[in-house]
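The lines below spell out each chain.
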Amino acid sequence: MLTQSSLKYIFILLFSFLLTGAVDATAQQDTVVAADTVAIADSAVRKPELTTHQLVVGFDIAGPLRNALDASRYGYEIAADYYLHKELYLAAEAGWGGCKAAYTDLKYTTTNAFLRLGFNKVLIARENSKDWGGLLLGLRLGAASVGRSVADYMVTDSLWGGSAGTLPAKNLGAYWVEVTAGVRVELYKGLLAGWNVRGKFLLNTKQLEELAPLNISGYGRGDKNSVFDINFYLSYAIRWGR
Amino acid sequence: MTKPARFFRNAGCGWLCIDKGVIRAVWVMIAFLPLFSCTAERQPCLTPKTASLNIKCVHFSTDTATTTVDTALPMAVFGALTAKGTQSVIYKGASSAFTISLSPVADSCQWLVTTDSLNFPFDTLGFYYERKLKFLSNACGYTYFYALTSVTTTHNNIDSVIITNPSVTNDVNTKQLKIYIHPSF
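Going down the list, the sequences are from chains W and X.
0 is the number of the first residue of the first sequence in numbering that gives the first Met the number 0; add one for each residue after it.
0 is the number of the first residue of the second sequence in numbering that gives the first Met the number 0; add one for each residue after it.
Heads up, some of the hints might be wrong.
Stated by the list, open to error - Below, computed lysine-lysine pairings styled on PhoX-like, alpha-carbon distance capped at 25 Å:
id, chain 1, residue 1, chain 2, residue 2
1, W, Lys-169, X, Lys-131
2, X, Lys-48, W, Lys-99
3, W, Lys-205, X, Lys-48
4, W, Lys-205, X, Lys-131
5, X, Lys-131, W, Lys-106
6, X, Lys-131, W, Lys-223
7, W, Lys-205, X, Lys-133
Hints in this document: simulated from the structure, not taken from any laboratory.
Between the sequences and the hints, there should be enough to build the whole structure, so can you do that?
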């Protein structure tokens with residue numbers, strides 16, 4: 000069943016495609032070519048002769064920016080993908096982070112590591128065998144191991160008076176699926192830059208009911224069943240012959 | 000032969016040569032920067048933090064009637080018997096629906112009730128329940144929900160009480176208690 004949140008993410012993904020498509024169409028207006036010439040060019044484009052392997056290793060540069068803006072959380076992420084065939088990439092992302100809730104009525108800290116595995120598919124046809132940029136659509140399965148400290152809480156009631164308590168430390172697991180879309184461009188000989196928007200859907204909400212972490216690095220707000228996220232990657236491509 | 004235009008064209012461009020495609024990409028990336036406007040501020044709590052016990056007052060229209068009608072109390076007074084004394088709420092205006100709260104610091108509590116601020120004596124309602132600690136969100140923190148086990152009452156203006164739903168949560172639309180008022184109050 001599609002929830003309102005799911006529809007929102009689908010809309011964002013479609014908007015992302017439309018945005019890139021609009022820019023592409025603008026670029027094409029600059030080139031006046033005969034129809035038969037385009038047909039020849041397209042047929043050449045759709046049958047690339049790939050003779051290289053490519054492994055891309057990157058770092059999420061948005062992480063340190065987020066860490067600087069929000070003192071209650073931190074997180075770092077690295078990403079890698081390997082070209083399989085037919086514009087399909089095996090993708091993996093991993094990282095670590097933590098958060099700290101220091102409110103008058105709720106105090107705890109968490110640390111976690113995460114791993115996401117999945118695939119990317121490049122949607123725009125390759126111009127030639129050296130063209131490694133493009134628009135990527137992806138699917139991920141994510142998992143995080145979360146360690147939570149002792150949590151102190153206070154229930155306040157202006158009529159009856161408040162009460163305080165403590166929850167013991169606990170280790171939790173979080174699992175989610177992601178739909179991703181983004182673009183990647185080669186800035187200079189193997190140096191790549193790009194961004195990814197992500198719609199994430201938590202699978203094991205029950206396990207986090209007792210105290211959902213303020214932030215799960217790799218996922219986002221633990222008390223939300225679905226979240227939106229964005230990454231900016233700076234990457235380096237290692238290529239070698241097949 | 001002219002090549003078809005592409006979104007990110009960088010072919011034949013040196014290190015210092017940034018073409019239109021790269022500029023477009025940077026522009027699109029900058030457009031998303033407002034998404035990073037997160038701060039350490041706590042999110043606002045947008046859900047009710049206190050569990051509400053919602054009451055409906057009814058009476059039988061005749062001695063032989065099998066269905067009830069709502070009983071509008073002209074100016075009802077509810078008073079919580081707390082450790083600091085009686086904390087009263089006067090409802091100005093006739094109503095048959097009322098909301099009170101249970102004590103999060105004990106497994107029972109008492110409320111005084113009268114149908115009219117000029118009509119004495121009060122009835123005493125005794126509530127017995129189990130407390131359930133409930134995490135609402137990081138914005139709201141914890142609260143207590145309750146499972147009602149029994150409710151007792153005196154019989155000055157109240158004939159009887161029935162628990163219609165034992166679960167007391169922050170849902171303001173669910174009625175948990177029906178109070179049968181003497182028709183002659």
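Structure versus earlier hints, numbers of those that do not hold, lowest first: As far as the earlier hints go, not one is violated by this structure.
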